[in-house]
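So the sequences go chain by chain: A and B. Last residue of the first sequence: number 499 in this note's numbering, and the count goes up by one each step with no gaps. Last residue of the second sequence: number 1328 in this note's numbering, and the count goes up by one each step with no gaps.
Calculated directly from the structure, the hints in this document are not laboratory data. Even for Gly, the Cβ is constructed at its ideal location relative to N, Cα and C. Just so you know, not all the hints are guaranteed correct.
Examples of chain B residues lying across from chain A (beta carbon under 7 Å, computed) [said to hold, decoys possible]: (1) G1064; (2) P1066; (3) V1068; (4) P1137; (5) P1140; (6) A1141; (7) A1149; (8) A1153; (9) L1196; (10) N1197; (11) P1212; (12) V1216; (13) K1224; (14) G1225.
Spelled out from the first residue to the last, the chains are:
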Amino acid sequence: MSGLEGLLQGFQTAFAPGNLLACFVGTLVGTMIGVLPGLGPVATIAILLPATYHLDPTSALIMLAGIYYGAQYGGSTAAILLNLPGEASSVVTCIDGYQMARQGRAGKALAIAAIGSFFAGCVATVLIALFSPPLISMAQSFSAVEYTALMVLGLVGAMVLAQGSLLKAFAVTVLGLLLSLVGTDPEVGTRRMTLSLPDLYDGIGFVVVAMGLFGIAEILRNINGAQSRALVADKLDKPWPSGEDMRRSVGPIWRGTALGSLLGVLPGGGAILSSFAAYALEKRIARDPTRFGNGAIEGVAAPESANNAGAQTSFIPMLTLGIPANAVMALLAGALILRGVTPGPNLIDDRPDLFWGVIASMWLGNLMLLVINLPLVGIWAKLLLVPYRVLFPVILLLCCIGVYSVNNNTFDLYLLAAFGLLGFILAALGFEAGPLVLGYVLGPLLEENFRRALSLADGDGSVFLTRPISAGVLAIALLLLVITVLPAVRRQRQTAFQE
Amino acid sequence: MLRRMFIAAGAVSLAVLATPAIVTPALAQKFPDRPITIVVPYGPGGTNDIVAREVAQKMQEQFGQPVVVENKPGANGALGTGFVARAKPDGYTIAIAPSSVLAINQWLYKDLPYDVEKDFQPLSLAGTTPNILLVHPSVPANTLAEFIALAKAKPGSIAYASMGAGSTGHLNGELFKALTGADIKHVPYKGSGPALNDLLGGQVQAMFDNLPTGIVHVKAGKLKGLGVTSLKPNPMAPEIPPVANTVKGFDATAWFGFIAPKATPRPVVDQLSAAIIKALNAPDVRERLEKGGLTVVASKPEEFAAFIRAEKVKWGEVVKKANVKIEQ
């Protein structure tokens, strides 16, 4: 059966009333938990798992998948409105999305995020249908060597994320890397920088770092005299993107979708990189990079498209190989195994109804998300007119609930406070949190893959240069570094663009 | 509408957080008279979590009181397990823990926040599950004997992946090295998924993976399955012989069981254990768990206690013999 025939069959499955309802419930629940900072899809799916036992496996998977991409989607709402990234993928959305909100353009940011996500979802669905096998073989040709090169490129990209001083961006990226080393050594199990606290043996949770540095620090900044304002935004612009906004967003949405679809297939880290990469790319190729960080709509459109495309293509390794690319996929694979359906290379032939039904439901789910969310855009944006004295306690409470619910551990709340303070101090000194978080997220992946690559090559460092993909990626990283660091080159580049 | 969203969102968050916070000091005439918490010392989704949630649902029906599963992940299970060691021994806080927590980690880590013998009262061994030795098709060995011969002929040429330093896959590999004298190189990953991915891509040559996730690739012809780590073949893969058939004394089954704090009153221990055993023997629970690769045992407290002691001695010898070191 060809991909398109399969997809048609899938739509028949997905349009069955029960499955349609499952898809709606899933996307709705997903949107809600996504909006609540810190409440992730992993916990929600685990808790709802027993409730899906009476559904047939196809409906169950359609619903659980809906929760997953619905949450990706809802996560951007909290990031844009309140500067609260609940997941790694929405960290970059904060940068320009929150600035847009402060300028009263929250509705535009939310709408473009919705439209970009929907477009990316449509393209990713077709990509899954047509190109699963070649994408899989691409993912498998990636070894630790290629991943190492990719992470190096990602870290160089962190410098590009920076708006101000490169030296400062470099410093916070390194700080992020150092923080990511706290915990248990992945190779030999030794504990590092844990102060003998068992709570630190697994390192510092991402949600704690991101919410502390962005959300809590933002609250501290706002109640701190000089910047004090009564409202997030003093006035509200029209909630719908103008023709100019749409024109600016077309390219970023396309490029974000392409990057996200490719990187999403890579297990472990690919999906995390996609939104960062999409943002860095847009900033690099922009005529006027200074607009980024000050509410550029491209800075919302590109990463939001990328993370949604990545969330969907990350189903490819799970459904076609039985290999989960992240914790959510591992849960979904487990849910299928308990129902006697084993995800793996034979799934497409054994259960074509399930495989194609789920893929078709993703397209439907994205349509539902658009329908659920577009009418809400105006209402969400009005949230910004709620006075801070009411909004702050609510945000703080939600942050605490969210952070606590990840591990059910009160220690994480103290850490949250500490990172809030760190974020406040960094901002006061003119350091940005974005590159820090990127260093923090990429650090463990870089370390793990670098050490694994060397261990497999018996300590021979030349593998990074002799394997073509790795050498190519490293060359791009070097090039990027050169054009970022050398001011002369940069000046020339800008004049060249203006001509 | 906004208000409604918030109420709905609040309801979801409450459901997610449903943690029994009410502690009544009144004398419990009848156990249980309030909700019971089962602590899972890992994140949601693993075997511990799945077993706990299956059992919790059935216990709830039996007791007429809510039975709540609470994930307290961290430090290879030590955080959540340590929490239960210090919990009030009244039967309202119990835990599920795997072989690594109850019989292996004390040999690997110096500073565990619990002592299995002193802190816990075993309730029931829920079940066992073996690992499977997988090799990439490019490895010129179709039987375990051929694989051992190959590893000995070319020392260091075979790399084996594991789910992490100190994981069952790692200990299986080290036990294998100790018993056969074969020189294979350990490459740890974070979890079974990425390790399998590299094995399928041929970046590493071998791996001891959990049976349910590993066997899929053998059945699809993408990997070769050379042996299961239990003493008997597993119904999920009857055609794969035990490693012990070739390597004398290789017995390395992972297991999962329920425990309570040590000083829990005997009648409460008996009630809990009976409820857990009944839950595990419910046909629908058994069927789902067995599909997931678990051999359901459902033993009594004394049997489980003796089992833990025996396993602890066995793994102590393995760690010493194989010279597995985690903490310097």
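message: For each hint given before, does the structure comply? Return the numbers of the non-compliant ones in rising order.
response: 1, 2, 3, 4, 5, 6, 7, 8, 13, 14
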